[in-house]
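K.L.:
The residues making up each chain are set out below.
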Amino acid sequence: MMVAMMWLSFEKTLRSFADTIVETKQQFPEAAARHGPEVAMFLISVHRKMPDYLRPPFWGLVLLFDAWSLPMTGKPFHRLEHADRAAQIEAWRQSSLEFQRRFIEFYGSLAVFGLYSDLYHQDYL
Amino acid sequence: MPLQTSGFSNDSVSADVIVIGSGPGGSVAGTMIAEAGKSVVMLEEGQHLSLDSAPHFSREEILQKYRNAGINIALGRSKLAYVEGRCVGGGSEINRGLYHRISDTVLGAWRLACDVQNLSLDALVPHFEACEETAKVEYLPGPAPLISRRLDDGARNLGWSSIEVPRLYAYGKNSRSGAPGRKQSMSETFVPRFIVAGGEIVPDTRVIKIARSNGRWFVKARVTHLNGSLSEREYSAKSVFLSCGAVQTPALLRRSGMRKNVGESLRFHPMLKVVALFTEEINSPGGLEPVHQIKEFDPRFSMGCSMSKRPALAMAMAAHPSMMTQVDREWQRMAIYYVQSTGGRATVRNLPGFADPLVRVQLGPEDLNELADGLAKLAQVLFAAGAEAIYPSITGYPVLRSVADIAKLPPTLLPQKANATALHLFSSCPMGENKAVCVADSFGRVHGTEGLFIADSSLLCGPTVVNPQGTVMAVARRTALRAVEDRLV
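Sequence order for the protein chains is A and B. FYI, in my numbering the residues of the first sequence are 124 to 248. FYI, in my numbering the residues of the second sequence are 1406 to 1894.
Bear in mind the hints are in silico, worked out from the structure with no lab data behind them. There's no promise every hint is true.
[What the hints assert, rightly or not] With a Cα cut of at most 25 Å, we get these calculated BS3-like pairs of lysine-lysine:
no., chain 1, residue 1, chain 2, residue 2
1, A, Lys-135, A, Lys-148
2, B, Lys-1822, B, Lys-1782
3, A, Lys-172, B, Lys-1614
4, B, Lys-1484, A, Lys-172
5, B, Lys-1541, B, Lys-1700
6, B, Lys-1822, B, Lys-1840
7, B, Lys-1643, B, Lys-1665
8, A, Lys-172, B, Lys-1625
9, B, Lys-1614, B, Lys-1665
[To be verified] Listed next, with one range per pair, are the computed distances between beta-carbon atoms:
no., chain 1, residue 1, chain 2, residue 2, range
10, B, Leu-1819, A, Ser-218, 11 to 21 Å
11, B, Pro-1531, A, Arg-178, 45 to 55 Å
12, A, Trp-191, B, Glu-1855, 32 to 42 Å
13, A, Ala-214, B, Ala-1535, 54 to 64 Å
14, B, Glu-1701, A, Ile-167, 39 to 49 Å
The structure presented is a predicted model; accordingly, all values stated were derived computationally and were not measured. Glycine included, C-beta positions come from ideal geometry on N, C-alpha and C.
The whole structure should be built from the sequences, with the hints applied where relevant.
P.N.:
Here you go:
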């Protein structure tokens, strides 16, 4: 268990989450490389700036999300292949547990907002 | 009530007046006092950025100018997401600048509830007019954008009252559309005037606490330097104006040991949003902000249009993830609309060991019924405007495809599903002579203190029903001029 905990990573999870959302939305593999880092940095920056009493629970939720795949695959979320990561996001989105649905709604909408800010910058001009 | 504390040194930066916060309240109050010949230092927690430092409601703007990157959640059975500015100019930099003068009916209710002296529309008009000379308020010079006109069309079709609302905006004079124009935020208007009057603005400076000692106020602040390092600095003044906004002002007062009635009565305009899909294209890149509001049901609730660029549409469609691809395909036929009421109450508290205050919100059954009724009316007017589908931004709510579908909406909002947001917050430190509920007197002086004033939305006695910035500016001017007149600064 201790070894598994050492594999978990807050930032790598958000980076992988951002890449997965971007790739799923854009439907081409290069999309994650093109837009993923900016979207991930947005998610990480939002966490750094959110109210300080919310940061620890959100940090814990992200690590829980990372650890969710460990019992079944032996790998945390951030080390899964794209298809498996997309499947885990969809499973949490459809979950009967409210906190899982809310987690995906929160980070999913932020990631899409971040991606669309990149893709549709011209809308602001 | 005022503290007499130790822990403050004699080595402090001195001024006649310190204004804490540079939003509409602080900028107007600071300018009035500086122009009266006083030395004024205005401390602002956020950065001093130009209006153009980031596009409106972009990812960059949220990180630069929104407090907590826009992630503020009032907790309770119902949760409420709220937004505050955190930069020079405060909320005026991030809002859309829709402008109203408050009604005498609302002021009458405030006088009654809080026993506020000399507060009427007639008494405020000179303050509104004076503020409007510096921060220009204009109607669109040409037709409103289509997403705005659709709402107006729907209201007319139903015989409801709808108005075009002016904005704190100087529209371009050489274009029928009014573009390009310039938003009249505080960084564009009162802050430059404050500096011309000799005021000093100090950004990146968070006030930790204030205390009174030997007839002066001492302000302990933490400065964030360009390299990210922090240092402490102390200021002292004869008078202090608190203009940190409806959440941060009560939090600072409570941190400073002043708690009576403070942060007990935070009010807001809870808002629900929908995305409407129309049969024709109504949304175009670079379009001007929508300006119509439906006032048929005031003061219960009002309706309006939101900024509807694709990133905003994506956020608003988060409750319907399976429909997200429609944003990509059909965004030009989509726009965001809202209904906002005046219900609900909240408290502001500090948590031991944390810097950010906690807001606890309560939306009662009547508040939730009102919002549910407002949502149904919003759907009704959008169908009357020609919408072919309506997507409520509430998880689990059905997509509405006809007027008949409105009956599928629950008759009330479940507290845990309410998913409301609030852009307008007020009334956490109301003014008035009713000391059972008020924090400050009728002219903003904190009860039981000398030289401590409030000049922001926390001073208002309840919801303004309309966009509050005009009222905040007028009341702040009234507060500052009265303090000067009475030689309290």
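K.L.:
Between Lys-172 (chain A) and Lys-1614 (chain B), is the straight-line Cα distance small enough, at 25 Å or below?
P.N.:
holds (21 Å)
K.L.:
Are the Cα atoms of Lys-1643 (chain B) and Lys-1665 (chain B) separated by 25 Å or less?
P.N.:
Satisfied, since the Cα-Cα distance of roughly 23 Å is no more than 25 Å.
K.L.:
Does the Cβ pair Glu-1701 (chain B), Ile-167 (chain A) satisfy 39 to 49 Å?
P.N.:
holds (45 Å)
K.L.:
Hey, Lys-1541 (chain B) versus Lys-1700 (chain B), does the alpha-carbon distance stay inside 25 Å?
P.N.:
holds (23 Å)
K.L.:
For Leu-1819 (chain B) and Ser-218 (chain A), compare the CB-CB distance with the range 11 to 21 Å and indicate the outcome.
P.N.:
holds (19 Å)
K.L.:
Please check whether Trp-191 (chain A) and Glu-1855 (chain B) have a Cβ separation lying inside 32 to 42 Å.
P.N.:
violated (58 Å)
K.L.:
Below or equal to 25 Å on CA atoms is what counts here, so check Lys-1614 (chain B) against Lys-1665 (chain B).
P.N.:
Holds, because 16 Å separates the two Cα atoms, which is no more than 25 Å.
K.L.:
Honestly, do Pro-1531 (chain B) and Arg-178 (chain A) meet the 45 to 55 Å range at C-beta?
P.N.:
holds (46 Å)
K.L.:
Holds or violated: Lys-1822 (chain B) and Lys-1840 (chain B), Cα atoms, limit 25 Å.
P.N.:
violated (37 Å)
K.L.:
What's the verdict on Lys-135 (chain A) and Lys-148 (chain A), does the C-alpha distance respect the 25 Å limit or exceed it?
P.N.:
holds (20 Å)
K.L.:
Looking only at beta-carbon atoms, does the pair Ala-214 (chain A), Ala-1535 (chain B) fall within the given range of 54 to 64 Å?
P.N.:
holds (59 Å)
K.L.:
When you check the alpha-carbon spacing of Lys-172 (chain A) and Lys-1625 (chain B), does it fall within 25 Å?
P.N.:
Given pair Lys-172 (chain A), Lys-1625 (chain B) holds - Cα atoms ~22 Å apart, limit 25 Å.
Checked against the numbered hints above, the structure violates hints 6, 12; every other hint is satisfied.
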